[in-house]
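Engineer: Residue-level listing of the chains:
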Amino acid sequence: MTNQPVSMGSAPRKGRPDSSRRMGRFGMFMFIASQLVPIIVLIDVRYLFVGSYVSSSADQPVALLVAVLMAVSGIMAWTVRGSAIRGVDQVARVKWMVLLGAGALLGVLYQWSVRYLSPGTRYGEVFFTMTGFAVFYLVVGLIALLSYISRVRFVASADDGYWHMEAVSLLWAGISVIWLVVYIVLYLL
Amino acid sequence: MAQTTMVPAATRAPKAGKRNVMPPVLRGFLWAAIGFVVVNTFVDIVDPFRGHPFVTGPSATFGWVAAVIGWLLGVGVWESVALPLFGYKDRWHEKSTGWRRYFEYSTDHKVIGLQYLGSAMGGFLIAGAVAMLMRIQLMSDHLTIFHYPSNYLTAVGIHGTIMMFSVANVALLGGFGNYMVPMMIGSRSTAFPKLSGISVWLVPAGILTVLFSPLLGAWTTGWRGYEPLASQDANGILYYYLGVAALTMSTFIVGLNMVTTVMFRRAQGMTWSRLPLFAWGQLTVGLLVLIWIPEIQTTFVLALLEKLVPFNFFAATGSVMSYLELFWLFGHPEVYMIAVPAFALWNEIIPVMSQKSLFARDWAVIGLVFVMMLSGLVWAHHMFTNIRNSELLPFSFFTEMISIPTGFAYMAAIGTMWKGKIRLTTPMLLILMSMFNFLIGGLTGVLLADPMVNLQLHDTFYVVGHFHYTVIGSLVFTGLAGVYYWLPKMSGRLYNEFWGKFLSIVLFLTFNLTFSQFFLLGLHGMNRWVPAYPQYLQPMNFEVSIFAFFLGASFLGHFIHIFWAWAKGAKATENPWNARTPEWFTTSPPPRYNFPVEPEIVSSLYIYGSKQPVSVQFPAEQELAATKDPQDEGGPHE
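Protein sequence lines correspond, in order, to chains U and Z.
Residue numbering for the first sequence follows UniProt numbering, starting at 1 and increasing by one per position.
Residue numbering for the second sequence follows UniProt numbering, starting at 1 and increasing by one per position.
Calculated from the structure, these hints are not laboratory results.
Computed from a prediction, not measured in an experiment: that's the story for all the values here.
It cannot be assumed that every hint is accurate.
What the hints assert, rightly or not - Listed next, with one range per pair, are the computed distances between beta-carbon atoms:
| # | chain 1 | residue 1 | chain 2 | residue 2 | range |
| --- | --- | --- | --- | --- | --- |
| 1 | U | D44 | Z | L393 | 18 to 26 Å |
| 2 | U | V68 | Z | G217 | 40 to 48 Å |
| 3 | U | L106 | Z | T41 | 24 to 32 Å |
| 4 | Z | I560 | U | L180 | 55 to 63 Å |
| 5 | U | L106 | Z | H147 | 45 to 53 Å |
| 6 | U | I75 | Z | D47 | 36 to 44 Å |
Note that beta-carbon positions come from the ideal geometry of N, C-alpha and C, so glycine has one too.
Whenever a hint applies, use it, and build me the whole structure from the sequences.
Structural biologist: Given below as structure tokens:
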């Protein structure tokens, strides 16, 4: 058995775009699915330390408002993903998603700043930890959305088959689900 | 609402050959320093509870985040990823030749693989040097070079943390995984080369963070970061958590990249039944990584908050056991993240060196998969001294059961060697040594799975001997075998067979003379985590230290030999081992995109003998197309 002589080789060919797109979706799905593990750990921590107790100091209206903002933006993200599949840019809708996400972020920062919940209490520990994780994901998601808004000023989305647009909308949809889970676990169940 | 604003693609071509102001690594250090100082100062100013020192716990934590971001951007991520992500011009000029490409951001999976291997070797040398300090200390029964027990314990922690998270998790996964798996499955790239190019630079960041953690004060928990002890330590423990966060993030990205690459980048004809064993190993470990790395990262964030805020999750008023449980939920699968690629590599190299078809290939694959699945069911055997009697039996049972699928790897290896024409080359010799060492580690593990034995030997040197046989036995010996096996592929040169074998025999002897005596020390009552011990244990400890120094020297000898062979070794033929996996069907070292065109796999990769079919072919029409279209661009994920 001898090896065939080979040339330097050119860059990988575009070849199978469907396969490439499926690969990207699979990677994003695996990433989002893996981030359910931290959420499961946090849910364990919540019920281990405070059971189903919800502090009477918790700001329910603001928490509900934040959850609604994220739910609406999550639904919008899903429609943006559909547009990406159809090959249609949705800059305005993504800007709305950023606005809603920023509103949610401000809502949590407000809750943190007024300190109705003390970090010295059991529920406060769980509250700050869970919302801290959620805020981390939110900031990452906002940067991703902003990258899309900035990118379409210079680069046609069609250049990458609208993958960037689809990827950020998938990520945001995943983050909005995480936020809803956090809200339900922290305030309702 | 559809909007499209764009600029013609032709105007956005990257500026080829743009010169950087300074070498990327230096720039990374500079930006990291600036990031740290600026953010540290800012936190000092706004922190209402700040103390007198300039560097406090919170300021060091936020400063570290800025430093790591600055480091990543500085090594090339700024021009190559961050700016293009926001639509700006890609100003990064990736070098395709020369040594400098190994010291900056790259998307070439082979460069990334070598960067991972280099980082792992650096971590190994650092952690090994720390181990030598520990052995110097243990030559005496009282404190000598370490003035306080906490200093010694910090050294133990640094040794364990760097070895586990930057060597064991990195060498076979990030190193050979990135370099070899794409070629072994006939691919010309990995799934996410940009992400992979970033992840590798988290390893040096993590190693340096852990190494310099004592600047913030001693920490006494070892690599496990046990609570509530950690919360009582100085701020050095914060850099343990943060360093591990960087290292595990790197491993996580490797796992994601490898799983997706194996799933979607296989060449035509590379069916699951033909997939190389090492690729199977990477796939199974990748799945373990995607589950358990986020788990331990979350646990460490909780522990970091426990120290920083402070919270009381794992204090006496919280649940001390919860930390142990959360840690070992990850901790034992971690062992198999290390061992499974080694098992896979045994059965990759043995058929080649025996020139005999792989025995019971399907069972070898099933063994890898079942080890992966069972690895999540054995963790509480690390806590036999802490858990209820009723909980001992199931974990004892599963711990002993996991030796069965592990045995499949041995069965395939021994069956393949049986009546084969074994070439006792250096890689083969190292594989056989690895199998012997892991057997000792495994058998002592079965003993420790027995609660009665475990309760006697818990936290003694017997356990230390067991896991060194397991980890060094599997990872380090097999890793070295991999380096020698693939050296002709990676460098185009051959090592010296005499020196390879001589150094391997010295390594094997010194390793066994060192760590076999750990079992005896443990049985005689030598505890872990102690720099001072009863006088009657001193002679054996003294002797063990002497062998340990020779062991360290033999590792150094291997590294010097490998570097020499890489630079000055005899030229290798393209397939010196007569192997059949696709990485041997291209030039050595391989070109930028591995193969001129995507190869086609036409038969099993493990059939040897007189009826040995061709395993890899290159479609002629694609080769012709490639010569006509040399600048074809990559897909959306390139």
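Engineer: Each hint: holds or not?
Structural biologist: Evaluated hints:
In this structure the hint that D44 of chain U and L393 of chain Z lie 18 to 26 Å apart at CB holds, the actual value being about 24 Å. Look at V68 of chain U against G217 of chain Z: about 45 Å separates their beta carbons, and that is inside 40 to 48 Å. The supplied range of 24 to 32 Å is met by L106 of chain U and T41 of chain Z, whose beta-carbon atoms lie about 26 Å from each other. Taken as a hint, the range 55 to 63 Å holds for the pair I560 of chain Z and L180 of chain U, whose Cβ atoms sit roughly 57 Å apart.
In this structure the supplied range 45 to 53 Å holds for L106 of chain U paired with H147 of chain Z, their Cβ-Cβ distance being about 51 Å. Checked against the hint of 36 to 44 Å, the C-beta distance between I75 of chain U and D47 of chain Z comes to roughly 39 Å, which is consistent with it.
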